[in-house]
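Chains as they are written, first to last, in my numbering: chain A, 195 to 457; chain B, -1 to 742.
In case anyone wonders, no lab produced these hints; they're calculated from the structure.
There could be a bad hint or two in this list.
Computed footprint of chain B on chain A, listed as stretches where at least three residues anywhere in the stretch have a Cβ under 8 Å from a Cβ of chain B [claimed, not checked]:
(1) 365 to 374
(2) 379 to 393
(3) 408 to 417
(4) 431 to 438
Label-pair restraints from in silico Cβ distances [as the list claims (entries may be wrong)]:
(5) B:Leu348 x A:Leu287: 30 to 40 Å
(6) A:Phe201 x B:Val334: 47 to 57 Å
(7) A:Ala291 x B:Trp619: 47 to 57 Å
(8) A:Trp309 x B:Asp461: 58 to 68 Å
Sample of chain B residues lacking proximity to chain A, with all beta carbon distances greater than 12 Å (derived) [unchecked claim]:
(9) Phe124
(10) Ala135
(11) Phe659
All residues carry an ideal CB built from backbone N, CA and C; glycine is no exception.
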Amino acid sequence: MTTSHFFLTAWSWNPVVLGGCLAAILLYLYFFGWQRGILFLCLGLAIVMIALASPLSALADGYLFSAHMAQHILLLLVAPVCILLSLPRDLSLTTKANWLFHSGIGWLSGVGSMWLWHAPTFCNAAVSSRPIYALQSVSLLIFGSLFWWQVLAPREQDRLSPLPAVGYLFSACTACSMLGIILTFSPVRVCAIYMQPVDQLGLLGLIRDGWEMTPEKDQQIGGLLMWVPMCLIYLAAIFSQLVRWFSPPTPALRTTIVSRNAL
Amino acid sequence: MNEAVTTVAPGDILSPDERSHYRLAWLSTVDHKRIGILYLLTALVFFVLGGIEALLIRIQLAVPNNHFLHPDTYNQIYTMHGTTMIFLVAMPAVFGLINYVLPLQIGARDMAFPRLNAFSFWLVPFGGILLHFSILAGGAPNVGWYAYAPLSETPYASQAGVDYWVAALLVLGIGSVGTAINIIATVLCLRTKGMTLRRLPLFTWINFVNAFIVLAALPVLNAGLVMLLIDRQLDAHFFVPTGGGSAVMWQHIFWAFGHPEVYILALPAFGILSEIVPVFSRKPIFGYEFVAGSSVVIAILSLGVWAHHMFTTGLGRPADLFFGIASMLIAIPTGVKVLNWTATMVGGRLRFDSPMLFCIAAIMQFVPAGLTGVSHAMPALDWQTKGSYYLVAHFHFVAVGLIVFAILGAIQYWFPKMSGRMLSERLGKWSFWLMVIGFNMTFIIQHFLGLLGMPRRVYTYPDLPHYTWMNVLSSVGAIFMTLAALILVYNIIVTLVWGKPAADNPWNAWTLEWATRSPPPPENFHRLPPILSRRPLWDLVNPDRADPVVGSPNDVAARPDKNKVNILAFIFSEIGFFGILILSYLYYNAQRPPGPGPNELNLPKTLIFSACLFASSFTIWRSEVALRKQKQGGMIAWLTITIVLGTIFIVGQGMEYFELFEKGVRLSTNLFGSSFFTLTGFHGLHVCFGLIAMLILLWLAFAGDFRKAGRASLLEAFGYYWHFVDGVWVAVLTVVYLLPLLNR
C-alpha cells in the first residue's frame, strides 16, 4: 500500500459518527434556527470527522500513538472550541447542575481527561475495546466543552474574567506540558499496545519502512504533540484573553478621546 | 508644559540626622529607594570585576598561541566572567532599577515587604562573596557558567570551586525569588487609587510579568543545584553516568532555567525601552496593548522552548523539529515590539539625550541579536555553530547590545531622580559613542570568527589565516568599552560631588516617579495627581488635550491582601522546585535501577502518618474558622492539634528513614536512594518549616496578637502554605508509593 492510496481509501464512514453529526446539525437548527453560528458548528463537526473517520483515526486505531495524540487534541481542544463558538451569544445553561460550570471542574475536566486517558491501563483499553474507544471520544468532547466553557461561554458573565482566565489557561498548559515531557523523554513505553500493532489494514510495512516510524519515535512525537502544539493552542487562547482585557469596555466611555499629536 | 518650578538646591538621599551615622543609615535601610541604589552599586562593583575578567580573556585571545594565562586559569576566568555578569551584574542592576522605580511609578510608599526586600538585597553581596571566596579555597570554579555534568561532578572537578559556585547560585536564586514575590505583591496590593492594572506604566507592567518568569525559572535552577550539590557532597548519582545517572538531565534542568533567564534579563530591557523611547519622542508609545500583551506571550513561550539549547545532545529529529519551530515563534512577538518602538519614534519630536541614544543603539543592536538567535533555532545550523564564536557573538549581542545598553540608558534616565543631580551630558555622549564603537568592534567580528570555525571555551588558537587580525580587532574593541565604562564611573562620581541640580521632572516625562521631588522624600509622595490614563502627568499639564480614560474612570477594585499574595506567589515558585524533583524521580525510577527500590518502602505505616498530615489540613482550616468567629481558645486548640499531627508525620517519616538506613538504603546506594531521599527530604523540610511557623503563630496567639483586627489573613495565608505542603505529599505518595503497585 502506498501513502497516497492509504490516505484515499482509509476513510471509515462510521454510521454512528455520521449520524451523530447530522443529529447535531438538526438539533442546532431546531433550537436556534439558521444563523451564522452554524458555520462554526460545521467546522467543529468536520474536525470531529477528521478525528474519527479519516485516515488519522485509522492510524490511531492501534498503529500510531502520535496519531492517537493528534486525535485526542482535536477532540479535546479544537472541536469543542468551534462548537462553543457556534452557540448564540445570549445562551445560558443555568441548570440544576451549576457546579458543572465551576472553574475548578472545568480545569479538572480539561487536564484530568488528558492525564487519565494516558494512564497505561486506560490508554491500552481504549485501543483494544470499541465501547471504551467510543466512551473516550465522547468524554473528550464533553470534558473539552466543560474546559473551554470557562473561557468561551456565550455570555460574558459566564466566563472567567481575563486575568484569571490567563492563569486558568497557563496552569492547564503547564499541567499538560508535564505529561508531554514525561511522554517525550520516558524510557518506557506508556501505551504498550502501540508497540506491536495488530496489522488489520496491512499498513505496518508502510509505517515502519516507508515512513521510518519506529515505536520510540512514535511515542516521542506523541509527547511532543502534547507538549508543543497543545501549548500553542493554550497560548493562542491566552492571547485572546489579553486582547479581551485590553479592549475598551464600552464605547460610551471613550467620549474623551482627544488628539494624540506630538507636543 | 510642566517645566517644574524647582530650581532650589538638590535634596539629599540622607536626611541631616542620618548624615551623622551614614554607614548605619545605609546598612540598616529598608527603604526601597536606598535598597535600589545599593543594588545598583553592588552591580557596578561586580561589573568592574567582571569587566576586568573580560579584559583578561581578550588579552589572552589577542594573539595566537598566547601563554599570558594558564589554560586552567583561563577556564576559571571565563566561568567567573559569565557567572558574575549574569547573576551579580545584570540581575542586581535590573532589580535595583525595579526597586527604585516601580513603587514610585505606582504611587506606593515602599515595596510590599521592606524587610524581605533588604534580605533579598543582602543575599547578593553574600552570594558574590561566597563565589569569590572560592579563589582562596583552592581555585575558582572552572566548569563554565552552565556547569555541564559530568564535568562539574567530583570525579572531574574535585576542587571546592564548583561547590562554592553552587552555594553562591543557590543564595542568589533564593534572593531573586524573594524579590520577585515582593514585586508581585507590590504591584497587586500597593497601587495607589486610580492606578488600575491596565493603567500601569509599561516598565512596571513588564517587570510584573517578568517576576512570574523569575518565580517559574529560578526554582528550577535551585532544584538542579541541590541535586548537583547532593551528588558532589553526598555521593548521589543524579548526573553521573557511571552511577546510572543522566548528564543530559542536568542540561534539561539547567536550560529549563537558562532559557527563561535570558528573558528575565531581556524583558526588563524591553520595559526600559518602552519607557524611555516615548518620552524622548514626545509621543505616547505606539500600541501599548500589544507591547503589554506580547510580554505575557513572550514570558510563557520562553518557559517551554529550552530544548533548542540542546540540539547537539541528540534529542532526536522529532524533538529538534518541534523545538526549532516553537523557538522561531518567539521572534514574532519580539520582532513586532521592535516595530512598536520604531513606530513610536516615527513622526515624533526626537530628543537625542544620552538615555535615548543608549536606547536607540539597544534597539538597533537587538535586531541582529534576534536574527542570529533565529538562526540558532535551525538545528542544522546550530550543530555547526553552537561550539563556535558565532554563538558567543550572538549572546553578547543580546546581553550587552540589548540588556547592558538598556540598563545604561535607564541609569542615565533615572539618575537625576535618584541623586537630585544631572549627569554630565557631554561625558554621557562620550561614554555612549565609545561604548557603541567598542561593542560593535568586539562582537561583530566574532560572528565571522565563529563561522570560520574558531571554537569557544578554548584558551588559545593556532595562527590560522585571518584569525589573528580578527582577534586583535576584537580585543581593541574591548579597550574602547573599558574606556566607556571608566568614563561612566567618572561621570557618576563627578556628578555626585559637583553635578548641577536636577529638576523634579527634567525630561518632561509622564509617569508618577516624576511627580515627586528629586530625590524623593522618604515617604515618596505628598500628593498625587489624579490617575485616569497611562500618562497622569501629561493629563495634569494638558487638561484640554488629556489622554483618553483607560477603563472605567472609577477605580473601585479592592487591592488583594498582601500576605495571601505573598504566600500564593511563593507556592507558585515551589511548584517549579517540587515539579523538577518529582519529574526526576519518575525519570530515574522508570527503569528500575539495580539494588533497593520502592519495594523496601513500608506502605501501611506511611499511609497512617500520611493520614495524619492530610487531617492536619482539616484542622488548620478549623483553626481559621474559629479565628473568624473570634474564638481564641478554639483557634489555639485547633492550631495545637495541627502541630501535633504535623509532628506525627515528621516522626513517622523519620522512622521510615531509620528503617531504610538499617536496610542499607542510602542516598549513595543507587538512583532510587538518591531521588527518594532528595524528594521526601525536601518535603519533610517544608513540613518542618511549617511546624516552626505554626509555633510562632501559636506564640503570637498566646500573646493576644490575633485579637487585633485584620490579623486573620496571617493565619489564612499560612493555611495556604500548609495545604500546599499537603498537596505535594499527595503527589509524592502517588508517585513514590502507589505507582509502583501498578507494576507489581
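Here's how the hints hold up against the structure:
Taking a C-beta to C-beta cut-off of 8 Å, the region 365 to 374 of chain A contributes 3 residues in contact with chain B, enough for the three needed, and the coverage statement holds. For a cut-off of 8 Å, the count of residues in the region 379 to 393 of chain A with a CB near a CB of chain B stands at 4, and the three-residue condition holds. Coverage of a stretch by a chain is defined here by at least three residues with a beta carbon nearer than 8 Å to that chain's beta carbons; for the region 408 to 417 of chain A and chain B the count is 3, and the condition holds. A count of 4 residues in the region 431 to 438 of chain A with a Cβ less than 8 Å from any Cβ of chain B is obtained; the coverage claim is therefore met, three being the minimum.
In this structure the supplied range 30 to 40 Å is violated for Leu348 of chain B paired with Leu287 of chain A, their Cβ-Cβ distance being about 55 Å. Evaluation of the 47 to 57 Å hint for Phe201 of chain A and Val334 of chain B yields a failure: the beta carbon distance comes to about 37 Å. Between Ala291 of chain A and Trp619 of chain B the beta carbon distance is about 26 Å. The supplied range of 47 to 57 Å is therefore violated. For Trp309 of chain A and Asp461 of chain B, the Cβ-Cβ distance of about 59 Å falls inside the hinted range of 58 to 68 Å, so the restraint holds.
With a least beta-carbon separation of about 32 Å from chain A, Phe124 of chain B lies farther than 12 Å from that chain, consistent with its non-interface assignment. Consistency note on Ala135 of chain B: stated as away from chain A, and its beta-carbon is indeed over 12 Å from all of that chain's, at 37 Å minimum. Here Phe659 of chain B stays apart from chain A, with its beta-carbon at least about 29 Å from theirs, past the 12 Å limit.
Checked against the numbered hints given earlier, the structure breaks hints 5, 6, 7 and satisfies all the rest.
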